[in-house]
Amino acid sequence: MSKLHVELVAADRKVWEGDAKQISARTIDGELGILQGHTPLLGVLVSGDVRIETMSGQIHTATIDSGFLSVDHDRVTIVAEAVDASRINS
Amino acid sequence: MRVYRQRIRAVQATKKITRAMELIAASRVVKARQRVAESTPYARAVTRAVSAVATFSNVDHPLTTEHPQVRRAAMVVITSDRGLAGAYSSAVLKESERLAELLRGEGKEVTPYLVGRKAVGFYKFRRREYAHEWSGFSDSPKYEVAREIGERITDDFIKEYDLGGVDEVHVVFTRFVSMVTQEPEVIRLLPLEVVEGTEAPDPDDVLPLYEFEPSAEEVLDALLPKYVTSRLFNALLQSAASELAARQRAMKSATDNAEELIRKYTRLANQSRQAEITQEISEIVGGVEALASAK
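In the order they appear, the protein sequences are chains A and B. Numbering of the first sequence is given in my numbering, commencing with residue 1 and proceeding in unit increments. Numbering of the second sequence is given in my numbering, commencing with residue 1 and proceeding in unit increments.
With the rest of the complex left out, here is chain A (with noise of 0.2 Å):
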């Protein structure tokens, strides 16, 4: 089964971690989407919202400020200073 491992981390803490089908989160140069396979890649993220798309199909929205996300084999790790994780119900 295809899968994205991905992580969710704010300065003072991690906010979530778990499995997920997609991804997306606006970068400097546009919105971005990631799906399992993609190539690594670090990218500088803006303030704007997270998307995380789950494995069961459940949709988590996290707000950020601005913070980078990396992604390689599979594992995504998305950086933030502060995020607001009240949207993320785990």
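If you're looking for bench data, these hints aren't it; they were derived computationally from the structure. A portion of the hints provided could be inaccurate.
[Unchecked claim] Okay, derived cross-link-like pairs now, EDC-like style, lysine to aspartate or glutamate, Cα gap no bigger than 20 Å in a straight line:
| hint | chain 1 | residue 1 | chain 2 | residue 2 |
| --- | --- | --- | --- | --- |
| 1 | B | Lys142 | B | Glu38 |
| 2 | B | Lys142 | B | Asp81 |
| 3 | B | Lys159 | B | Asp221 |
| 4 | B | Lys124 | B | Glu97 |
| 5 | B | Lys124 | B | Glu109 |
| 6 | B | Lys124 | B | Glu144 |
| 7 | B | Lys142 | A | Asp12 |
| 8 | A | Lys21 | A | Glu53 |
| 9 | A | Lys3 | A | Asp65 |
| 10 | B | Lys16 | B | Glu259 |
| 11 | A | Lys14 | B | Glu144 |
| 12 | B | Lys142 | A | Glu53 |
| 13 | B | Lys159 | B | Glu109 |
| 14 | B | Lys31 | A | Asp12 |
| 15 | B | Lys142 | A | Asp84 |
| 16 | B | Lys94 | B | Glu185 |
| 17 | A | Lys14 | B | Glu38 |
| 18 | B | Lys124 | B | Glu95 |
Everything numeric in this text was worked out from a predicted model, so none of it was measured.
Based on the hints, put chain B in the right spot on chain A.
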């Protein structure tokens, strides 16, 4: 005897205070250590990303470039806001004095940046100059504070020497080794040496060839300040945990000491009471004898 009783009461009151402080520190140190642990994923992610950029691109960045001639060095000294933590603050200050001496020996000017009221007091008392101070948060530092300090020192680092800029930044903080050991430590924060530190990536952990979005330069631009801040934040958190551990230990020995004193004074009080009674008896016996012989 009255004096002893008074002393016992005084020491008992002190013991209550130190005991309370010990318990408070003990409960807070757990939280502080938790915060250190919670900030590690972030620190690791940032470090990993920075080393990825640094390894796969030959981008020079002002924050990583060594100055050809270091004329002024900044020294960030992290101490506590409050005392009663044993040798915690003085150990850091001693270490910072040693570092300053060393830097001056290399012909560098030293500009201190102070964190915590104890360091500020130390410098004010000696009428020494310092560049900036931050205080009022030492046992539970916020990320925003780390960012503020980070911004200030990176600004000063980028500034020209003639405008008051610095060419190197060192941080003196206390590493939390365990509940019983906390060591003052010096790290050079800027210019950055990316591989050093506790979160060095494993050697067998091969970093993939990254694509950069939008470009390596811009990624580095965004990442490095975060790296600086995250290291500062880590230093602040470790110092906070160390401070609380040191305070807990200091207060524990103060409480033990108070108990010891109470025991000693109780003995002395008992002894003097006994002496009084003995004296009274011998006075009565003496009186009776005197009466008997007077008949």
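### Hint consistency between B/Lys142 and A/Glu53 [alpha-carbon to alpha-carbon, up to 20 Å]
violated (31 Å)
### Task
Sort out whether B/Glu95 lies within 20 Å of B/Lys124, counting only the CA atoms.
It holds: about 18 Å lies between the C-alpha atoms, which stays within 20 Å.
### Task
Take the C-alpha atoms of B/Lys31 and A/Asp12, compute the straight-line distance between them, and say whether it is at most 20 Å.
Within the cut-off at roughly 13 Å; holds.
### Task
Mind checking the alpha carbons of B/Lys159 and B/Glu109 for me, to see if they're no more than 20 Å apart?
Holds, at roughly 15 Å.
### Restraint check for A/Lys14 with B/Glu144, where alpha carbons must lie at most 20 Å apart
This hinted pair holds, its Cα atoms lying about 17 Å apart.
#### Entry: Pairwise hint evaluation, A/Asp65 against A/Lys3, where the allowed Cα distance is 20 Å at most
violated (26 Å)
### Message
For B/Lys124 and B/Glu109, compute the direct alpha-carbon distance and say whether it is at most 20 Å.
### Response
holds (19 Å)
### Task
For the pair we were handed, A/Lys14 and B/Glu38, check the Cα-Cα distance against 20 Å.
holds (7 Å)
### Query
Quick one, are A/Lys21 and A/Glu53 close enough, alpha carbons at most 20 Å?
holds (6 Å)
### Message
Given the hinted pair B/Lys142 and A/Asp12, is their Cα-Cα distance within 20 Å?
### Response
holds (9 Å)
### Query
Taking only the CA atoms, is the gap from B/Lys16 to B/Glu259 under or equal to 20 Å?
With Cα atoms ~10 Å apart, B/Lys16 and B/Glu259 stay inside 20 Å; holds.
### Query
Holds or violated: B/Lys142 with B/Asp81, Cα cutoff 20 Å?
Answer holds: B/Lys142 to B/Asp81 is near 15 Å, not above 20 Å.
In terms of the numbered hints stated before, the structure departs from hints 6, 9, 12, listed from lowest to highest.
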